[in-house]
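Residue numbers (UniProt numbering), protein chains in the order written: chain A, 1 to 480; chain B, 1 to 480; chain C, 1 to 480; chain D, 1 to 480.
Think of the hints as simulated: they come from the structure by calculation, not from any bench.
Subject to a maximum C-alpha distance of 27 Å in a straight line, what follows is the list of computed BS3-like cross-link-like pairs (lysine-lysine):
#1 D:Lys152 x B:Lys473
#2 B:Lys13 x B:Lys66
#3 C:Lys50 x C:Lys13
#4 A:Lys324 x D:Lys152
#5 B:Lys120 x B:Lys210
#6 A:Lys241 x D:Lys238
#7 A:Lys23 x D:Lys241
#8 A:Lys473 x B:Lys86
#9 D:Lys86 x C:Lys86
#10 B:Lys208 x C:Lys409
#11 A:Lys241 x D:Lys24
#12 A:Lys470 x B:Lys50
#13 C:Lys470 x D:Lys86
#14 B:Lys24 x C:Lys241
#15 B:Lys2 x B:Lys86
#16 C:Lys24 x C:Lys241
#17 D:Lys409 x A:Lys208
#18 D:Lys319 x C:Lys470
#19 D:Lys13 x D:Lys67
#20 A:Lys210 x D:Lys409
Protein chains: 4
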Amino acid sequence: MKTGIEYEDSLRKLNLQVFLFGKKVANVVDDPIIRPSMNAVKLTYELAEKPEYEDLMTVTSHLTGKKINRFTHIHQTTEDLVKKTKMERLLGAKSGCCFQRCVGMDALNALSITTYNIDKKYGSDYNSRFLRYLEYVQEEDLVCDGAMTDPKGDRSLPPHQQADPDLFLRVVEEREDGMVVRGAKAHQTGALNSHEIIVMPTISMGEKDKDYAVSFALPSDAQGITYIYGRQSCDTRKLEKGTIDRGNQCYGGHEALVVFDDVFVPWDRVFLFKEFEFAGELVENFASYHRQSYACKVGVGDVLIGASQVAAEYNGVHKVSHIKDKIIEMNHLNETLFCGSLACACEGSRQPSGTYLVNTLLANVCKQNVTRFPYEIARLAQDIAGGLMVTMPAEDDFNSPDVGHWLRKYYAASSSASVENRMRILRLIENITLGTAAVGYLTESMHGAGSPQAQRIMIARQVNMDEKKKTAKHLCGIVE
Amino acid sequence: MKTGIEYEDSLRKLNLQVFLFGKKVANVVDDPIIRPSMNAVKLTYELAEKPEYEDLMTVTSHLTGKKINRFTHIHQTTEDLVKKTKMERLLGAKSGCCFQRCVGMDALNALSITTYNIDKKYGSDYNSRFLRYLEYVQEEDLVCDGAMTDPKGDRSLPPHQQADPDLFLRVVEEREDGMVVRGAKAHQTGALNSHEIIVMPTISMGEKDKDYAVSFALPSDAQGITYIYGRQSCDTRKLEKGTIDRGNQCYGGHEALVVFDDVFVPWDRVFLFKEFEFAGELVENFASYHRQSYACKVGVGDVLIGASQVAAEYNGVHKVSHIKDKIIEMNHLNETLFCGSLACACEGSRQPSGTYLVNTLLANVCKQNVTRFPYEIARLAQDIAGGLMVTMPAEDDFNSPDVGHWLRKYYAASSSASVENRMRILRLIENITLGTAAVGYLTESMHGAGSPQAQRIMIARQVNMDEKKKTAKHLCGIVE
Amino acid sequence: MKTGIEYEDSLRKLNLQVFLFGKKVANVVDDPIIRPSMNAVKLTYELAEKPEYEDLMTVTSHLTGKKINRFTHIHQTTEDLVKKTKMERLLGAKSGCCFQRCVGMDALNALSITTYNIDKKYGSDYNSRFLRYLEYVQEEDLVCDGAMTDPKGDRSLPPHQQADPDLFLRVVEEREDGMVVRGAKAHQTGALNSHEIIVMPTISMGEKDKDYAVSFALPSDAQGITYIYGRQSCDTRKLEKGTIDRGNQCYGGHEALVVFDDVFVPWDRVFLFKEFEFAGELVENFASYHRQSYACKVGVGDVLIGASQVAAEYNGVHKVSHIKDKIIEMNHLNETLFCGSLACACEGSRQPSGTYLVNTLLANVCKQNVTRFPYEIARLAQDIAGGLMVTMPAEDDFNSPDVGHWLRKYYAASSSASVENRMRILRLIENITLGTAAVGYLTESMHGAGSPQAQRIMIARQVNMDEKKKTAKHLCGIVE
Amino acid sequence: MKTGIEYEDSLRKLNLQVFLFGKKVANVVDDPIIRPSMNAVKLTYELAEKPEYEDLMTVTSHLTGKKINRFTHIHQTTEDLVKKTKMERLLGAKSGCCFQRCVGMDALNALSITTYNIDKKYGSDYNSRFLRYLEYVQEEDLVCDGAMTDPKGDRSLPPHQQADPDLFLRVVEEREDGMVVRGAKAHQTGALNSHEIIVMPTISMGEKDKDYAVSFALPSDAQGITYIYGRQSCDTRKLEKGTIDRGNQCYGGHEALVVFDDVFVPWDRVFLFKEFEFAGELVENFASYHRQSYACKVGVGDVLIGASQVAAEYNGVHKVSHIKDKIIEMNHLNETLFCGSLACACEGSRQPSGTYLVNTLLANVCKQNVTRFPYEIARLAQDIAGGLMVTMPAEDDFNSPDVGHWLRKYYAASSSASVENRMRILRLIENITLGTAAVGYLTESMHGAGSPQAQRIMIARQVNMDEKKKTAKHLCGIVE
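Could you put together the complete structure from these sequences and hints?
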């Protein structure tokens, strides 16, 4: 396994084409806007080095028997799934943001199932290709971007009917040694911190869409791939000198638009090729795994609850009954989210490939709550923080010889806290509820792994309404 | 194990002192008000006889190696805890009400832990006494009432300061062969359908309360015990001829006040005797188990969701988008409750006695949601059912030669349903949201196993706020 | 104006055909099931006699200049509308239930507008007919049932396509002296306590439905009208001797199915006859008035909040912070409902007829909240009340020489309250949240004056989305 | 009355001491960070010039009989109060942010009442002083900052017990011609755009705090006053070239810390001087007026709803049922807020001074909802907007010759919208839910005019619980 430092070094060797604020980024790893997101991924290596987290962060490969980072593992038991949930909460708490590596893990697991199932039907050899690829990922301890979301254009039309046929990623050429693809993947979390990019289709498809039914993996710096960096609320605070106003000192997340401009993929990296009827399965399984993965927000919730408690203590109000009650409510909601992720894990089941898949109904239930509760937790955090969180002057004012003394005088609250520390904790709450981390904690909680309505459709499909109706009729004496 | 019929027969042999509507009940088993609650307990025997439910309903005793009903089992693994959750959901769905037997199971499991722990400290032999008792319960396949809640009088005073010292159950005499107790236990679910009553203290206690720190088991018809039956919304509909208006044809629940008028308890039935410092542990463990047990409401929720879907179909509106969305929401909330019960089970842990205890934080989180979501599910059910549910004439009107034809004419809706069936399904929804079953599905969900505030206090105690604060401070650069 | 006693006497003179539990009711006024609902209507007379309520309960007729009961008034100003809101809250609080008289007031006001508008278009004389009728109602101080809701059969079909053409009320014969109608009106609140029944169509209609586009008024005991009484949760408690268990000692509400079996209506009582294009306007205006009328639930909420506070005091927990907070929340929600009813009143506007109509957008917003908040207020009331509310024995047990003393002993709580009074207040909370009054406070709040979706459709129609879109585009610099 | 241009010119004449990012601001009016907030205040002048808004924006002075801007008016009727609500909604919609001028209006009105009441008690002449001052404000058409919130230090201590006596603003010297004050006011909305600053105490006070019981008005550039500008989420986007990423093209709000460093106040500008027993009244009346003022957020809600609808249309999903339903819900919540502000206005009452004061119970209910619903509206807006809102590259990328074409290609959605316009509307939603305007729409909605708990305390105080208890007891037959 790589150390954190080796991970960082490995990224420096990549030749990524990244655009940010209209300019090509010369040094992606050290760019101050991007760097915090790399730090967060690096944590997934650093914690794996620590004995106290070994049980959660590492596991024995079912392929090689070697110790590997759990992010490259194919889940072999429900215990593996439960540990995944706990690992994600741990990292969310340690980083206070999106650490970006789960999407690749979820893509690998989903492909381990579907490549097997395709082979079963067609006698193809996708699964062995995939397992060779998996072994490479495990051996090199790589970060993979799991790239699913196409731009989608007119949402009411299937891929093949779009005005621009590239609005879903597709095969544009088929060669002896591989295929050429064109299109883009939007909202790609952690794309710039990845060694590999694993592409999957984004919806169920019919025969007419078969050119769009492709899945494959490429090095992130493959010829023809361009990354355009997404901007976030308060992103440029990371360019300011000083450290207080950025809230989170070290960590962040990012998303990017990834453009595939006629990119070549060799056949041994292709895991789905026009078997359109498997697109839906791949999407659903990936989505279910990824909906479980929102246990990470429980970890971010831990940070926000901790910050709120600190802010209350600094304000001297932590023993007031309504404050205590709000902290309880935040914890209650946060643990309810945890229950969802745990429950779909412990109810996981073995698939034909041997991979364990989460319970898909409960995974959708889990994610549906994630589209709601973080917003309420954030609201309560703002309630506890007080208005100062958004009316506080800049760090430069605190350091100003003209006005700094006034800020120190008038922003003194409880004697237990320095004004600077009070400012720091409020800036952290701002960061998670309005700033760069709010993108991950709120909006991504809404839309990541599928928008709320996507989960509702799955819930409707997966509950056994016939059984419920039958029981109800029986109890009230209806005979039909 | 007993069959359902043997269970019913065994109840007939009891000599219970029961009062209902001011009169002593001569035949408890066949009283039309009480009978449905017996039917619900009987289900716990009947399902255990069926092969398809064997895995959930039965288990191998760790004491005797024999096959026993899971309700008499001491959980030996987290898998046992998970199966408990699923068994409770199953029975909630099959009965559409409270089936009353889980409280005894939870009492047995809590005692298995605490008797062991007391012995560890004092070298006493409570645990072996308890295990002999347990073996008896398992061998005879008995229903136990777990009796915890004292009347409590003035809630701001501890037991020994109450104006009437009997407002908490206590030892009033200590003899060579046993002790004599006096007091009462309120809200006793399923008391009249129980062979045994297991008494526990209801709060943490200090030394001055030590006469109140007692736990023991007695036959339900022991000399000096009187039961006063609690009335429920719509209880007398069970006395009416006809079957439609009662909603649930067969099943119900009940609660009773149980008075102990100087009742003698032999020493081999005593499991806690004045070791006051263990009262709190016993209460908390019982409460945690019992908060998990609210998985039963997920089963009742299944019935209510099924009934709502049937009502929508009978009204011809089941394809309307807002109706579909409400059904999804009901399912989502219901499955969120299930997640809580599953999560605290799968995160259970082995206690010194070998018993597996649920995760107490998550058990409290589970129950806290149970104090909210059933009310919202019931509200949505009433939305879907329509106003007819509460304006519909009585069954006698449907059978009336004068007006029955008009009801059949004017209450015809979708051609797929007879008017009678439409009435039946609406009466079932009424039953669960306003009638006898609403007592269990709503009010008992609020207060059973502790009122909401009790869970909030436990949540506050059990989350690791120090860790959360530490993480938050670290992330924003606070050094203290 | 009539006194309460005169009102009761006037009802005795009616010859209503009423069926209850399958039998014809010989004496409607004194039937113990029905009586409490009459008492509630009677309150609308009794309070009008009292000087302290004169300002709210009475008003000067714009027709005759005489002092009349506000329930027979046509609103002449926004102040009238505001007083209507306050009168309804007052009566809700004084009765603790549905007092049934507002539906007729709302029908009169809606007809005052639409009859005028039809005449404007067709040169007909509906308005003068109506005003003569109104004068009669005012002079005699009558209670009118406003009958709108048809049985509706298959909800996906318009009236003329129903399998049974009578599922919406319609004209079946046109004579020189009047018309003959057939059909039924469901869910008729207070029908048996009414002197008059005013029929209106229930939906917008097209030309093919014109036989269904009728509005008229009849004496409630007109030949051919039959009432079939709707049963309510806990209705038969009113038949029990004793007074505690019924919760509300005096008052209740009722609904009935009203069947029109070829009933003759003279032309001077007809206010809409096949002018189908006015059906929608009449429905919408009536609905808007009636959605305002749900201010009555604020009054019932006052009772429930008061009862919860008393219960908390009797339990000795009224100073505990979470109890105080729940009482605040109940008040907050209740007053939010009041704000909605007040706001649509004070934003009312003059119609061509001179009648003041509430703001229809805000009236729908008001009612939409009524479909939610009473459920949450009821949930909080049950939280505060405690489980005893549903496990308490019957009044007969309290009076029993065998067990009464035990109940008095063990249900003693705070020394400030007798056990009987504690029981009384809990039975009142049960009455409003699960019993007869829950029908009005909960289910009728959901469906009365239109189910929630009906309001949502109206809200969608009435907000000015174009203006909002224009403003948004302008602010972000979109030029199209 | 001043025109918008005259207003801007008048600000240029002020000599304000403003610090921003640690530096003194040389030109406050043209500073790109501050400027949008000036634009928003300027709107209050510009709309007053337009005939279509004359009725809402202007009014006749009760002092001079001249036409004045409503922001300088003392409310003479409930109609005035209702128009205030509507003016605030209008301006919220026109600016999409906080327009800052209501706080001065609310201070003037609160002082008009309390100065009168003090005179009544003490025979002083505060009211005539105040009226002279008011006439000056009306004649000059001035913007006043209403400065209430002190830094407050340790929240558990009253002013006179604080470690630093300046943590509440106080009189430090009493001279023949006036007094000298020291302290600070935090969170001062619109301070830099004000001509005048009106200081009030922030809490009820006892005799020992009498030096803190002061109210007065000063020119905003009086000697000794310093402003330290509060930073907001995304504030520096206003420094970027380009216009898309700032979301709102023109308008914003601001808050500042205002330091009073031994500032002299002449007696004719002093409106409260140590009459400590009137501090509470002044605070409560100001708070009630200001809680009504949150009608402005309804206007911002209009913008957010409009933007969400536009985004849905650009995405081609505006006819999808769940999208329509979410728009309805946003409107419903928004109009519920409007109802609260209207209701407390129309229920206003005449005070001894002749001023009309809002109903204080309902004003608190109004504001309490404002601490909740905007968060839910914002959550729904993010749901509708989609994830692109937070993953979209910067405007510079759109203009980049390297990648701009790809953004235009892959972000094309519905043919009805250009990609640029799609970006614009999403940036506006980002602005209101995460960016500079989120400060006003969310956090200020939480804490402005008092944090949620402040309203809850007032609600508890102002409801008539005795009446409610009496009614409840009467209904269930309790006689005490």
